[in-house]
Amino acid sequence: MERVFSAPVADIRRLTIHDGPGTRDTVFVKGCPLHCLWCHNPESISPRPQLLFRSRLCVNCGTCAELCPHKAHLFGGSGHTLARENCISCGKCAEGCLPGALTLCGTTLTAEEVVQNVLRDKAFFLNSGGGVTLSGGEPLLYPDFTAEVFRRLKAEGIHAALDTCGAVPFAAFEKVLPWTDRILFDVKGMDPERHRRDTGRTNEGILENLSRLGRLNIPVEIRMPIVPGHNDDPAEFARAGEFLKTVAAVVSIRLLPWHRAEGKYAICGIEDPMPETEPPPAENLEALAEILRRSVGVEVSCD
Amino acid sequence: MKIVDFEPNRERFAKQYKEAQWVSGTPAAELLPQLRELYDGFEAKGVPYAVAKAKILSFMLDHCRIAVNDFDLFAVICERNAFFEHLGWERMGNIAVPALGGERARRREQAAQEGAFTVNVDMSHTCPDWDAVLTLGASGLLKRAEEHCARTPTPFYEAVRITFAAFRRFILRFSEASRTAGRADLAGMTDFLADRPPETLQQALELGLLYREMQELEGELVRSMGIFDRQYFPFYEHDLAAGILTKESALELLTIYFSHCGAQASCSANMHYCFGGRLADGRDGCNELTRLAFAAFRRLGVVDPKFSLRVNDDTPEDLLGFAAETVKEGKSAILFINEGVVRKAFLRNGKDPADLHDFVPIGCYEPAIMGKELCCSMTGLINMVKNVEKMMKDPAFEPRSFDEVLARYCGMLRETLNTMMDWIDLMEPHWPEVNPTTAISGTMTECMERGLDGSAAGTKYRSSGIMCAGIGTVTDSLAAVRDLVFEKKRVTFAELRQILARNWEGAEKLRLEAFHRSPKWGNGDPRADELAQMVAACAAETIERHGNSKGGHFQMGLWSINYNLIYGRLTGATPDGRRAGECISKNTCASIGCDREGIAGMIASAVKLDYSHFADGSVLDVMLPARSAAGEAGTAFLLNVFQTFRKQGGAFMHFNILSPAALRAAQKEPEKYANLQIRLCGWNVRFIDLRKDMQECLIREAEWKEA
Chain A
0 MERVFSAPVA DIRRLTIHDG PGTRDTVFVK GCPLHCLWCH NPESISPRPQ LLFRSRLCVN
60 CGTCAELCPH KAHLFGGSGH TLARENCISC GKCAEGCLPG ALTLCGTTLT AEEVVQNVLR
120 DKAFFLNSGG GVTLSGGEPL LYPDFTAEVF RRLKAEGIHA ALDTCGAVPF AAFEKVLPWT
180 DRILFDVKGM DPERHRRDTG RTNEGILENL SRLGRLNIPV EIRMPIVPGH NDDPAEFARA
240 GEFLKTVAAV VSIRLLPWHR AEGKYAICGI EDPMPETEPP PAENLEALAE ILRRSVGVEV
300 SCD
Chain B
0 MKIVDFEPNR ERFAKQYKEA QWVSGTPAAE LLPQLRELYD GFEAKGVPYA VAKAKILSFM
60 LDHCRIAVND FDLFAVICER NAFFEHLGWE RMGNIAVPAL GGERARRREQ AAQEGAFTVN
120 VDMSHTCPDW DAVLTLGASG LLKRAEEHCA RTPTPFYEAV RITFAAFRRF ILRFSEASRT
180 AGRADLAGMT DFLADRPPET LQQALELGLL YREMQELEGE LVRSMGIFDR QYFPFYEHDL
240 AAGILTKESA LELLTIYFSH CGAQASCSAN MHYCFGGRLA DGRDGCNELT RLAFAAFRRL
300 GVVDPKFSLR VNDDTPEDLL GFAAETVKEG KSAILFINEG VVRKAFLRNG KDPADLHDFV
360 PIGCYEPAIM GKELCCSMTG LINMVKNVEK MMKDPAFEPR SFDEVLARYC GMLRETLNTM
420 MDWIDLMEPH WPEVNPTTAI SGTMTECMER GLDGSAAGTK YRSSGIMCAG IGTVTDSLAA
480 VRDLVFEKKR VTFAELRQIL ARNWEGAEKL RLEAFHRSPK WGNGDPRADE LAQMVAACAA
540 ETIERHGNSK GGHFQMGLWS INYNLIYGRL TGATPDGRRA GECISKNTCA SIGCDREGIA
600 GMIASAVKLD YSHFADGSVL DVMLPARSAA GEAGTAFLLN VFQTFRKQGG AFMHFNILSP
660 AALRAAQKEP EKYANLQIRL CGWNVRFIDL RKDMQECLIR EAEWKEA
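If you're matching them up, the sequences are chains A and B in order.
Per numbering that gives the first Met the number 0, the first sequence starts with residue 0, numbered consecutively.
Per numbering that gives the first Met the number 0, the second sequence starts with residue 0, numbered consecutively.
FYI, nobody ran anything at the bench for these hints, they're computed from the structure.
Some hints could be false.
[Claimed, not checked] Below, simulated DMTMM-like cross-link-like pairs (lysine to aspartate or glutamate); rule was C-alpha separation at most 20 Å, straight line: (1) Lys263/A with Glu702/B; (2) Lys91/A with Glu512/B; (3) Lys121/A with Asp524/B; (4) Lys508/B with Glu94/A; (5) Lys508/B with Glu65/A; (6) Lys667/B with Asp692/B; (7) Lys327/B with Asp302/A; (8) Lys121/A with Glu596/B.
The whole structure should be built from the sequences, with the hints applied where relevant.
Structure below.
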C-alpha cells in the first residue's frame, strides 16, 4: 500500500511572485528548527495548531464564547479578549466564527491534498515559468512529505522549489533533491555565536549543508535577511561573500530587508521580540549588495 | 517639419483648452439662442429634420469660437456646446418615448426610478469610418456626397452634402485663424486639408481631430478614434521616407497630439484609441507607431486618452511588457483585449469574417466593426439584482425546491429583458427623427450606397446592446438561498423574505453566515459559478433571440459602468448578506470582500463564462495592491494574469494598481493627488473627481485586496 505523508500547513498562498521564478503558489508548513528574533512568519514556528485572532474582524457576536469548552473567550467592557492560557487550540470557536476573526492555523494535509490544491493554478505556472515553492517553517522537518509533494509536482510537469533555513540533517535534503528544481537557501549570518543568539542555533551545520548542495547541479538562490544591528555588518558581509564564492551552485542572492511583521505577532498572541527595530536604509542595503556582487559575481537584488 | 519640444511646454499644452485665446467666432452663450431660433424656424416650416440639423450644424461650424495657439502643432480648438445633445434628449422625450404609448411610457419612467432598468435610443456609441475620413479627406467626402446628391436628391444626401461642405469651411476657418495667430505653417496645413486628403502624419492627425470636433458638435460622441497604428502608419512611413520626421521627432509630435486628449478631458468623454490586433492577412498589426504612441502615452501620464490593445498569440512581448509597466505606474487607461474571443462573438452573430480585422472597442468595451456598425451598446440597461429583490418580496411565491427558485428567477429575468427589448423596438424606429447621424453616415460606404442614415439602419451591421449589471450579486444571492434555505435549512424561504424586508434587522448572525459562508462568485467555487453560468446564458439567449427594429439583433453586455452604485442605492437587501442600498457587484467581478481566493479565484470563476455570448462587451477589472505588482516580477505577474485569463477564453481586462492609503490621502489632500487615476469601467478618471460614495466604495475594495 502506498504510504501517505502529511505535514501541518500554516497557509497556501496563491500566485506569489517573490519565492522563486515566475508566478507560484507557496506552501507554508508549520514547524521550524530555528527561532529567529526577526521571524516574519511567527505562526509557522511551532508545529502545533495555533489559534489566530484578528481582533479587527471581530463583531463581538459572542458565538465563540458559546462554543468554547475551556472559557478562553471573554466578553466585557473592552470587547472580546482571548485568554490564551485557557486555549487548547481545539478550533471549535474558529469553526463558528463567521467573520473569520478566529482561525485555526495548522491543518494537517497530505501531500496529495496539497498538490490537488495547487493544481488549481497550474495554468498560471505554465504561462510564466513558475511553479510551487515549499516554505515555512521548515519543509525539511517533513522530508518524506516534501519529497512526495515534489514527486507529484514533477509528474504534473510543475517546477518545484524548496525554501529552507538549512538547519536539518543533510539526509533530509537527500530525500527531496531528486525532485527539486531550485533551492532558496537562507543565510542569516556568518558569526556562529551571533547566529546562535539570534536564531537559537549556530550556523556551522547550515553552512556545511550549503557547501554540499553547492556541489550539485541544482541552482541555489541565497536569501539573506538584513536586520539592523544583527547581521548588517559590512565585515561580516565580506566574509559571507568569501564563503558564497566557494558555493558553485549559487545563481543569485536576494537581500531581504527586515520590515515589521504588521500585526502578525499580535494575531498569534506572541510578544514581538523586536518591537523597536527600524528597517535598514536603502543605501546600506545597496552597499551590502555591492560587497556581494564584487566577491561572488552573481546577480544580487534587494527587495 | 518644425517640432515644438513638448516637455518645456507641458503646462501650456495641459491648459490650452481651459485657457483658450479665441481668435474668431461667437461665444456659445450668444450662439445657442440663434441655433434655437433656426431650429424653431425649420420646425415651423416642416423641413426634414436631417436637413434642418445639417443646416443648423453649418451655422454652428461657421460661427463657433475657435482658437489657435502659437506653440501648438495642431489647429483644432473650438468652443464646444451641447446644443444637439440636449436637443436629442428633448426630441427623444417628444417623439420616441410617446411611441411607447401612455402606460408603457409611465412604466418605463417607473422602472428607471426604482432602479430596475432603463431603455433609450442610444445615440452616442459611435465610430465613423476612419479609413474613409483619412483616405478621402474632407473634400473627398464632400465630393462623394455631391455626386450622390446630384443623382438622387434625397434629404439624406442633401444633409450629408451640407454637413461636409460645412466641415470644409470649418477647416478653412482654422486656416484663417492660424494666419491671424501668425502660424503660416498651420494655415498651410489646413488649406491643404480643405481640398485634399492628408499626406503627412501631422496632417492626418490634424484631420482626425477636426473630424472629431465636427461630429461631436453634431451631437454624437466619437467613442473610438479607430485603430491608431494601422490608420496612421502609412503616413508615418511616408514622413520617414521623405525626411519629414525622424523617430524622435515623431515621438514629440505624438506626445503633443495625445496631450490634446488630456487637455480636453474636462470637456468631453475619454478619447479611445485601439492598437494592434490581426490585419486582414492574419499578421499582427503592431508596428513602430504602436510603440511610439505607447511611449507618448506613458510620458504624458494623464487621465485621457485611453488605449486598448488587441492581443493575440503574436502580440510582441516587449509591447505587452511596456503596457504593463505603464499600468503599474498608475496610468490605468490601458485595456487589454483578447481579440480571439471577440472574433468568436462576431462570428456567432453572423458577421462577415472579412470584416473582423476592423474590430474596435467602442466607448468602454463594446466591440463593433469600424465603418460598418453603430453598436448602440446602451439602448437598454438592466439591474439583474432587482429581479432577486422582487422575487424575494413576492408573498405568493413559496418554492419547495431550489430548482423552483432558479426557474422563477430566470423566468423573471427573461420577462424583464423581453419587455425592455419590445419597448426599444417601439422607440428605436424614431431614432432618425430624434438625432440623425449624418456626419458618421457620410463616412460609411453602406450608408452612402443605400442612401440611408446610420440611425435608419443604413449600416451593414445594426446591433442594439443591453448592459446587464450585477452578475456577482445575483449569483451570490441565489447561492445563499440554496445554501441557507434548502441545504442547511437555517431558515425557511418565507422567513428569509421577512428578514430581507427588515433589511436583516434582528438576523445579524444569519447575515454573517450568508456573507461569509455561503458560496460566492469569484472563488472558482462550482456551487456559485454554475449559477453564474446559468444566469448569464439565460440572459444571453433571451437577448440574442430578439431581433431589433433595424433588421439587426440585440446583444448582451456584461459590465456596469458606475451602475454598481446607482442601482445598488435603489436595491433592497439581498440574500447574499448585502444590506439595502449597498453597491452591487461591478462588471464581471465578485462582490467586494467575496473574492476570498484572490485574483486566482476570481479568474477561475471568470473563465467559466462563455464570452462569445457577450457581443456587447464585458470586463474583469483587476485591482491589486502595489506590492503584488512590484518590480520586474510584478510586471511579469500582471501579464501572466491577463494571458492566463485570455488563454482560457476571457475577454477584456484592465488593472488598478493602488494602495488604500494613497486613496485615503487623496481624499484628505486632493490637491496633492490630482494625478491619481482610477480606471472605472470604461472611464478613466481622476480619483479626486469622483463622488464621495464612489471613492468610499473603491477604498473599501482596495482595503479588502490589501488585507
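query = Does Glu702/B lie within 20 Å of Lys263/A when you go C-alpha to C-alpha?
reply = Roughly 17 Å separates the two Cα atoms, so the pair holds.
message = Run the distance test for Lys121/A versus Glu596/B: straight-line Cα separation, threshold 20 Å.
response = holds, 15 Å
key: Restraint check for Lys121/A with Asp524/B, where alpha carbons must lie at most 20 Å apart   = Holds, at roughly 17 Å.
query = Given the hinted pair Lys667/B and Asp692/B, is their alpha-carbon gap at most 20 Å?
reply = holds, 15 Å
Holds or violated: Lys508/B to Glu94/A, with C-alpha atoms at most 20 Å apart = Holds. Lys508/B to Glu94/A sits at ~14 Å (cutoff 20 Å).
query = For the pair supplied as a hint, Lys327/B and Asp302/A, is the alpha-carbon distance within the 20 Å limit?
reply = Between Lys327/B and Asp302/A the Cα gap is close to 17 Å, so the pair holds against 20 Å.
task = Sort out whether Glu65/A lies within 20 Å of Lys508/B, counting only the CA atoms.
result = holds, 14 Å
message = Check whether the Cα positions of Lys91/A and Glu512/B lie no farther apart than 20 Å.
response = This hinted pair holds, its Cα atoms lying about 16 Å apart.
When each numbered hint is compared with the structure, no violation occurs for any of them.
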